[in-house]
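*Asks:* Sequence:
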Amino acid sequence: MDIEEAQKELLAFVKNEISDCLVPKEIAPKLLTFLRQDDVNKVMATDSNKDASLHLIEAMLKTTSHGGWFFEFIIALRETGQENVLNILEKPFDPERSLANTILTRNLQLWLGTLKEKIQVDSSLFMASLRSDGVISMEDEENIRAGRERYGPSHAAWVLLERLHKKKETWFMCFLKALDENGDKSLVRDLYPDYYKQQLENDYAPPKIASKLAIVDVSEKSPIATNTPIAKRLNSKENLDNSPHDTQSRRQDNIPSTSGEEGDKDEKHENERSEKEIEDGKQELREYQRELAGDALRGNNVVVCAPTGCGKTRVSMHVVKNHLKDTETGTSACAAPSGRRARKVVFMTKTVPLAQQQYDNFISYLPDYQTYKICGDDDEREMLNDYMHQYDIFVLTPQILENHLEKESVKISDFSLFVFDECHHATKEDVYNKIMYRYRKLKLQKAKDLPQILGLTASLGVGRSKNDKEAQEHIKGVLANLDCAAIATVEKNLDELKRFVSCPEQEIFPVNLPKENDPFAKDINTIMRGIEAKMFKEPLAWYVDDIPKIPTDRASQTYEQWIVNLKKVMAENTDENDEKSVQIGRLVEICTTYLREYYRALDIHKTARIKDAHKYLIKAMREIKTTIDKNDNDEYDLLKQYTEEYLPKFTEYSKDSSFTNPKLEQVKSILLGAFQEKGDSSRGILFVKTRASTIALYDWITEDEDFGTLDPPLNPRRFTGAGAREEEGGLTQADQDGYIEEFRNGTCRLLVATSVAEEGLDIPECNIVIRYDYVTNEIAMVQAKGRNRAKGGTTFLVGDTKHTKKESLNLVREAMMGRAIKEIKNIKRERLKREIGELQTKDVKMRDLEQLRIRRTKRQKKQGDYKVICAKCKELAFYSSDIRTINEKSYVVVSKDIRQKIEERPHKRQGQAWDGIQKKAKIHHKGRCGFDWGIMATYMGSDLPMIKIEQFVVVSPSGEERKRSRKWIDVPFQVLELDIEKDFIPENENDDEVDEEPPIKVEED
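Positions 1 to 1005 (the UniProt record's numbering) are the ones given, in order, by the sequence shown.
Any given hint could turn out to be false.
Now the in silico label distances, taken between C-beta atoms and shown as ranges [said to hold, decoys possible]:
# : residue 1 : residue 2 : range
1 : 469       : 526       : 44 to 54 Å
2 : 668       : 853       : 29 to 39 Å
3 : 429       : 677       : 41 to 51 Å
4 : 438       : 4         : 40 to 50 Å
5 : 845       : 4         : 50 to 60 Å
In silico DSS-like links for lysine-lysine, alpha-carbon gap of 30 Å or less [to be verified]:
#  : residue 1 : residue 2
6  : 522       : 668
7  : 344       : 469
8  : 948       : 889
9  : 30        : 492
10 : 922       : 619
11 : 822       : 842
12 : 50        : 15
No lab work stands behind these hints: they were computed from the structure. Just so it is clear, CB atoms sit at the ideal spot from N, CA and C, and this is done for glycine as well.
Generate the whole structure from the sequences, applying the supplied hints.
*Replies:* This is how it looks when you write it as structure tokens:
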């Protein structure tokens, strides 16, 4: 064997190990003397560091054009400071070094979630220490700084942690030293308690594996130990077996323990304790749970349909555990879809709080497997493919997976089990169904290695079915979407199920608002009638043929939809070249804006106090005031009418205690009685329809003296979705997590929640559920009642006659669903499979045709000069050719003229980041119009106006067609992807100042 063959054999031997610590993009350009340009380009274009490393190594192993390639590789490593790779090449057979690097690197992956929130990447002292010790390079520091500017500090910390172990063998101690110099001594002690003792001995060698790192310490002192299952993982031999030389056989028990006799005893004790916990029932399934798990354990696709609180999560954990066992032994109780391939599980939930809850469950129940959570606005949501080789179980919100499948960074066949929590959502255009559409297409193409499907739900629902037959067809449709020819329900062990699952009592309180003695509602209706008359003082029918008819109930959703439709119709029929048409269109835009706010005030008034509706109006009018056109008499008069004529009256009404809401009084009576009767440990959820209602009812509870008599106090929290803006009642993900934890530990005893809390939240102490003026379908009814977990719990419904009638219909449909499921289970399995297959074939064909239509529509879209005009003032804003898209999700304007037409205003969520985009400010049409156009966003170092298409009207080049779209997909033109170098907009520092607004007073809160 010549020396070049020996060098290649050495590189091949350590390939997997060095791919974990190589920084390929730093050295690839230095190797062009023997590598092809195509190979270097491939390395530079690969997102995953490990994949890029493997591409580079494979290219070097295949090279035949240069005899000194290995020497040049070594020089490039030295020039870029990659000492860790050099040490591996120098001592390829050093088992102690290999094991140390493996465990420390693995631990770094386990620390990620905690450390990225704790380390201070913005500290110059911390970064300088790492750089001076050679742990990071100047280029690394620049990338970290850029990551912080574009994505936020959490992402910057992730970039740092991902690079820490790349260059220096002593990286761990250098990292601790940098933390210590930056004053983070408590974090140093958490990570390595012996650090300061070792420092006194002036020993900066990597800690020996037998050392008691804090991540092995399960004491409650360590926040890292208590937040992750690291201790159990590190104390087991499986973790030591996770060598980078063989990532697919991680749990072979053929490597001796290195922790000594004492460590062996500790490990044995821990294993015995875990086994005892399982025997005591922590993980041991009850008989009815075994019944539910049976089909899934046999490898079948199945929907588990069972009551809330019966332990469907525990069933799924058991299935997942058995499924993953096959990777280790090949003898799982669950049949492998394709031989002995490595198994990966995806557990999907619809909401971020549920994802966190299920992630915690996996960490607790399956500590021997590596679980990772990505959801919501997590910085890692675009990096699923980077984690595929590191983890066994992924807990995701489904859009994360759909996005990766769309861009083909992962494939459905990469996974072996899909678990759909709340699987009844897999219908129509829901993201669950989009994922399964991809699955069904592959199935019809006879694809192999498709994942097993497990669905979990308390109610499959019946849709709009009017009889049992229609109900069966609806359920078969859901089964077809999920490719499940089996429904698992409890039949043999019903008595046991009834012993463990509480069935809460339900009480219904029909309460109607009195028509008389309600001056606030009367005044609001008077204002709205006046605005309607103002709009229709001109014969609008001369300009449009289909003006919608005004609904009689101004507090109904029908009225809100009428406002939306009127805005759209008028925008699309206003000729910006006809002064009269513009005048009428502008008037309608202004009037409907006010009508929408008054409608929302009425909606709040239905369920809360006059004070709460009044408070909403003050806030809404203050916002309108910032966009008012001081030269428009109509707009000025509408605001003046509110501030001068009605604001004083509403203030007086809100102070008058004689104006009460009887529905609210009923809710108070229920809450006070239930919490006093059911004891100090009780928890309750008050479900309402809108985020605005959660604000109003939270204020009411915290301000009402009667609730102050409860001991312990309720200490209520609002619980809403994370998608809405803060000023609209939305919460951050951190808020959601914090409030759920407070609810669990009893700090908070009452959640005032929207539907986001209906599904899956498992709070065993919750024994009071009130649905207030909120009834949807039979699924939501079952889910809401299911939050009532404690024995002796009660569910209440407070609403008007309309709500109580709808609840009665839901009870009928719930019974209908039970009968339909029973009939479907009586169908022979093969026949049901055929029926499901026929439904799938039909559905895939229909969806394929729809996809074809969408593609044709996109091809037919033009890139021409469509005018984009402001929906309020009808002035030209920009042209369609000025618009660019970022990742086909966000739309920005690159016209240089746009700077002259906008003004920036403060944004409450300035700095919020997603997809590399960071919010900077709100943008409004400059000058007299003041219309809200969107936000100013920072992307790749450039400030770009990001626009909301619903605020504009698109006019065809001929001027004959106009369209107001709510979604970008509906615009009639193509949008090019942003090229930051070609489309960069320099900031215009000479923008004119905005004139001050008219001095109209709006009362402060």
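*Asks:* Now tell me, hint by hint, if it's right for this structure.
*Replies:* Against the structure, the hints:
1. 469 - 526: 44 to 54 Å: holds (51 Å)
2. 668 - 853: 29 to 39 Å: With a Cβ separation near 54 Å, residue 668 and residue 853 fall outside 29 to 39 Å, so the hint is violated.
3. 429 - 677: 41 to 51 Å: For residue 429 and residue 677 the Cβ distance comes to about 45 Å; the hint holds.
4. 438 - 4: 40 to 50 Å: holds (46 Å)
5. 845 - 4: 50 to 60 Å: holds (57 Å)
6. 522 - 668: Within the cut-off at roughly 25 Å; holds.
7. 344 - 469: violated (38 Å)
8. 948 - 889: holds (12 Å)
9. 30 - 492: violated (69 Å)
10. 922 - 619: OK: residue 922 and residue 619 at ~17 Å, within 30 Å.
11. 822 - 842: holds (25 Å)
12. 50 - 15: Holds, at roughly 11 Å.
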